[in-house]
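Novice: For chain A, the structure is supplied; the task is to place chain B on it using the hints.
Number of protein chains: 2
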Amino acid sequence: MELLKDRIMKDGKVRKGNVLKVDSFLNHQMDIKLFEEIGKEFKRRFSDCDITKILTIESSGIGIACIAAQSFGVPVVFAKKNTTKNIDGALYSAQIESFTHGKTYNVIVSRDYLKPEDNILIIDDFLAKGKALVGLSQIVKKSGATLCGAGIVIEKGFQEGGKILRDAGMRIESLAIIKEMTDDGKIIFE
Amino acid sequence: MELLKDRIMKDGKVRKGNVLKVDSFLNHQMDIKLFEEIGKEFKRRFSDCDITKILTIESSGIGIACIAAQSFGVPVVFAKKNTTKNIDGALYSAQIESFTHGKTYNVIVSRDYLKPEDNILIIDDFLAKGKALVGLSQIVKKSGATLCGAGIVIEKGFQEGGKILRDAGMRIESLAIIKEMTDDGKIIFE
Chain A
0 MELLKDRIMK DGKVRKGNVL KVDSFLNHQM DIKLFEEIGK EFKRRFSDCD ITKILTIESS
60 GIGIACIAAQ SFGVPVVFAK KNTTKNIDGA LYSAQIESFT HGKTYNVIVS RDYLKPEDNI
120 LIIDDFLAKG KALVGLSQIV KKSGATLCGA GIVIEKGFQE GGKILRDAGM RIESLAIIKE
180 MTDDGKIIFE
Chain B
0 MELLKDRIMK DGKVRKGNVL KVDSFLNHQM DIKLFEEIGK EFKRRFSDCD ITKILTIESS
60 GIGIACIAAQ SFGVPVVFAK KNTTKNIDGA LYSAQIESFT HGKTYNVIVS RDYLKPEDNI
120 LIIDDFLAKG KALVGLSQIV KKSGATLCGA GIVIEKGFQE GGKILRDAGM RIESLAIIKE
180 MTDDGKIIFE
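One line per chain: the protein sequences are A and B, in this order.
Going by numbering that gives the first Met the number 0, 80 is the number at position 81 of the first sequence; the sequence numbering is gapless.
Going by numbering that gives the first Met the number 0, 88 is the number at position 89 of the second sequence; the sequence numbering is gapless.
No lab work stands behind these hints: they were computed from the structure.
This structure is a prediction, so every number in the text was calculated from the model and none was measured.
Please note: incorrect hints may appear among the correct ones.
Note that the list lumps identical chains together, so a pair holds whenever it fits in one copy or between two copies.
Cross-link-like lysine-lysine pairs, in silico, BS3-like; alpha carbons within 27 Å at most [stated by the list, open to error]: (1) 20 / 114; (2) 141 / 4; (3) 80 / 20; (4) 52 / 32; (5) 39 / 9; (6) 178 / 80.
Same shape as in the complex, but just chain A (with noise of 0.2 Å):
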């Protein structure tokens, strides 16, 4: 998605241990507008899925999931990271390792939310490692729901999440997959 693309160029900033920094538009402020191209791309590109729930993660997921839902006229469910007083009654849960946190959370959704008839797209903002991806997938097959696929925003190629979860089977659409990150701050996508 070369608008996507030519947005990291502009404002993503290349920071030590493989950190890819777009809080001014992706996982801190917001571009609205920049979002809504990205559902109508995600749109284009599961057109083919009758998709009938938007399945994500807190945080930085949410506001691309809820956009994203506009255009495929779904409701989106976030997975929690933590049990509140707010969440009862019986939860699917899967074991999700953090790479930017540097640990693990317990994630947890409502069984009322997902149901054997449900097709479920998994929205997320990156995928490095996989782990998000593999913890939410692990959710939906638990609730015997059909994972229809993962929209992702972007990629990082150089890591090997990706790859092992296509080879698994799994279909993934990338927006901007990124090949290479340099010390001197350059970014080279696929």
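Specialist: For chain B alone, kept in the frame of chain A given last:
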């Protein structure tokens, strides 16, 4: 907002400890069509303000803020509850005590995304004791930006936050204000 009140009456569930569970449409599963109407209503109520940015707090405010931002034509910034590798540089921070989670968070916003020339609308899903709203307004004040007001989806009118903050001069527009929740599960609006 009648559409919202009707939905709360239909799908909201009262739990002990004055908890109102609305996770079927507001803060776990998210009804995006309803969010669009909520966004339009916030725009109608704040139509006299030249809002330049919406500020919210992760996680359950993000979806509502992003959809509302379409009505205002502005970006969204969400305050983060934990520092991560992906935020660096100077930060504004505030302490927020969470009623729901029973702990105190340090919340942060990058200085890059709140400027003295900004007119800020805070958006959040709930107002009860007002701790989140106080923390976010402290961050706005530190940035030198103007706080135009706060748009709240559901206010627990029987808790003190709304009264204290309105008495202190904050403009708060709550789309549904709950006067009472009874032991047998009835919800009574103001």
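Novice: What hints, given by number in increasing order, does this structure fail?
Specialist: 2 and 6
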